[in-house]
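Letter by letter, the chains look like this.
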Amino acid sequence: MRRCAVLVVCFCLLLGLVATTGSVAAAKTKLVWQVHWSDFQVEGVYKGEGADRKLVSKGLRQYVEEYMKLHPEVEVEIQSVPMEEYLQKVLVARSSGVAPDIYGIYSLWGVQLVQNGILDAPPAAVVKDVHENYTPVSVTGATIDGKIWGIPMEVGNYCLVYNKDLLKKKGFTAPPKTWKELVDMASKLTVRDKSGVITQYGFAFLAGWESAVVHPYLGLLWDVGGEFLSPDFKKCVVNSAEGVQALEAELQLFKTGGTDPAGSVWTFPQEKVAMMIMASWYEQSLRQGLGDKYDKVVGVAPVPYIRKPVNAGYTWFLAVDSASKQKKAAWDLLTWLTAEVQKPKNTTRLGDLMVETIGSLPCRGIDLANHPDTLNDLYTKTFVEQLKNAKPEPNVAQGAEIKTILANEIVEAWHGRKSAKQALDDATNKIDEILAEFY
Amino acid sequence: MSPGPTHARRRSVKRTLTGYLFLSPALVFYLVFLVVPIAMSLYISFRDWNMLVPMTGSRFVGLKNYTYLLTRDELFVIAVKNTIIYATGTVFVGMALALGIAILLLRVRGATFWRFVMFAPVVTPSVAVARIWGGLYRPAEGLANAILRMVHLPPQQWLADPNICLYSIILIAVWAGIGATVIVFTAGLKGIPEVYYDAAKLDGAGPWGEFRHITVPMLRPTILFLSVTGLIGAWQAFDLIFMLAVGGTEAGTSPVRSVIVLALYLYQMAFKNLRMGRACAGAFLLFLIVLGISFLVLRVLRKGGVESYE
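If you're matching them up, the sequences are chains A and B in order.
Be aware that the first sequence starts at 10, since it is given in this note's numbering, and climbs by one per residue.
Be aware that the second sequence starts at 83, since it is given in this note's numbering, and climbs by one per residue.
Calculated from the structure, these hints are not laboratory results.
These numbers were taken from a predicted model, which means no experiment stands behind them.
Just so you know, not all the hints are guaranteed correct.
Heads up, incomplete: computed chain A residues facing chain B, CB under 10 angstroms, no partners named [what the hints assert, rightly or not]:
#1 Glu94
#2 Glu257
#3 Thr265
#4 Arg426
#5 Ala429
With a Cα cut of at most 27 angstroms, we get these calculated DSS-like pairs of lysine-lysine [as the list claims (entries may be wrong)]:
#6 Lys156/A x Lys427/A
#7 Lys400/A x Lys163/B
#8 Lys427/A x Lys163/B
Beta carbons: idealized from backbone N, C-alpha and C, even for Gly.
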């Protein structure tokens, strides 16, 4: 009987202990953060093996752990999702009631997320901070219907990336400055085998990736003074004379033999492409692909222009889910990461993460100014300089669908299956139909 | 006293209930994972739902999604056309080749080894298949153009030329799936009694006569099975085309309009364009098309020993 009583008491104590532990755990504020970054960007960059393994560049995990040490009541879980599946994951997670608290949102998705009440309106202090301290192109990217909906995290723009070696071999000492020069040089840099197949592209696009089709075109469109959509988003105006001129300028590359639709920007590291218009985030892939030859081969210049230099820009911004039960904690974490200035570097933690590990351009002014070593390097320097000429793609409802339509029609023109005017007329008709649904 | 009719009925009911009780796990599985999703899809196909809000907050639009797809969406029509070409090419060309190979393998030494070789692509992941063929199809340094050059034919832009890129992908799909078809045909061929061929030889039939009047009729159940399962699979084709032609930053060079098939169209409509209503309507149209084709194949092949499939 006595043994039985002891057992019951022990069981009750154990139960109590479990319950207490559970309640402590429950008392913690748990935040789920969904990112589109790869493994090393989340876990950090290490060098060496075994006992010699050393962290050389902090990933998001290390920053989050630092925050959790400072705020033991907060627990942060990082969910890493490939970019191509990011939006799907958001949709599925929301449908099943397990939405993350913090997102990194591509600005093109932002309109629908805002219009459907998915995003939480940032606190006034965050909005003020964004207006005062971030680069204009990134502020525009995080602005939807005239209101800031998050903290700009990453800004992307485009430059001409060229192979210095291949240009030199053909006697070119400098990259092209104007589009006409680009067309001339591309045809001279293109090498064909006996059967006429291009073995070295003077210039390469990429038909299967929408951003690689639409962003260079938008840059040219804005360069010649055209517009994609009317200011009120009620009409697509890409089939204007300027729009046709911009697409005709691209088609010149095909007509003069400087490229063909089989070209791919991904073959640049194999030194099969002399010139391409590429985004700022491609640096790490080039370094890995070219290895020791990187410094000798890679050159970066502003995108060649027709009338005035313009390049397309895009933004990713940090946002909080409106259904989150921990909105304040989420914004506190984001504010700590993005606005707290670290001395003596005068940079923010997010800025360091973006520049040192992610390999993207940060959006905050001081982060752009105070990472001289990394942002002034061979690749990134020109991208930073060209931010002043960057124009963000419009934040319009059904942005992804509209972008796909424009990309498909441009590719039809590349293949010569439609004239520039016909392709843009067809794109305009389809896009107008979508705009009429939402505006 | 013998048991009356009531007792017999009770026993019959009890037996039926017992049967259903044993079947219940499978029935529940089908109900949860098949019937309910199909019913939900049908319901969504009549609504304008973007998945960002609860389904209850979506708008009822009647047949609008269906009429849009059938009358106004050029890309849907292109996707249907491409899918018909893809399905016909992969299934019927694949079957014709597989039957030829299966007949040859019955007559050669080391047939097991060759069957293993033929079957290897079937168990190779689509990603690997896409990678390998992506390399073979490279215009400048790919093996496909090297072969063409050897026989003095002009090289092709296999995946970039809008006129041939879909056929290039069909070729890969046939290569990747032919092993399984060969195995099934081999089993079918081995099931044909030799006595028919002996009798035909006595009657003076040649190899073509034997093939036409014995092999093909006797293989009708096999052909029916392969046609129906092959067509159902081909109409749902997605992975190979997605990896070779479109899809993310590792994308290829194919013009999307030339290679888009229905499953890819539905995926883009649902998860990229956030138009789940339209995607579900498209899925139902796909279901009706597959159902219609399956019935057609059953009808065409119903004579000659396959009546039991009806």
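| task | Let me know if the C-beta of arginine 426/A comes in closer than 10 angstroms to any C-beta of chain B, holds or violated. | result | holds, 6 angstroms
| field | Proposed interface contact between alanine 429/A and chain B, which counts if any beta carbon pair is under 10 angstroms | value | violated, 16 angstroms
| request: Take a quick look at whether lysine 400/A and lysine 163/B sit within 27 angstroms of each other, Cα to Cα. | output: Given that 27 angstroms is the threshold and the Cα spacing comes to 39 angstroms, the pair is violated.
| Going straight from one Cα to the other, do lysine 156/A and lysine 427/A come out at no more than 27 angstroms? | violated, 39 angstroms
| task | Would you mind confirming whether the straight-line C-alpha gap from lysine 427/A to lysine 163/B stays at or under 27 angstroms? | result | Holds. Lysine 427/A to lysine 163/B sits at ~20 angstroms (cutoff 27 angstroms).
| request: Grab the minimum C-beta distance from glutamate 94/A to chain B and call the hint holds if it beats 10 angstroms, violated otherwise. | output: With a minimum Cβ separation of about 9 angstroms from chain B (threshold 10 angstroms), the hint on glutamate 94/A holds.
| said: Would the hint on glutamate 257/A be counted as holding, given a Cβ-Cβ threshold of 10 angstroms to chain B? | reply: violated, 19 angstroms
| field | Residue hint threonine 265/A, partner chain B, criterion CB-CB below 10 angstroms | value | For threonine 265/A, the interface hint is violated, since the closest Cβ of chain B sits about 18 angstroms away, which is over 10 angstroms.
This entry does not satisfy hints 2, 3, 5, 6 and 7, going by the numbered hints stated previously.
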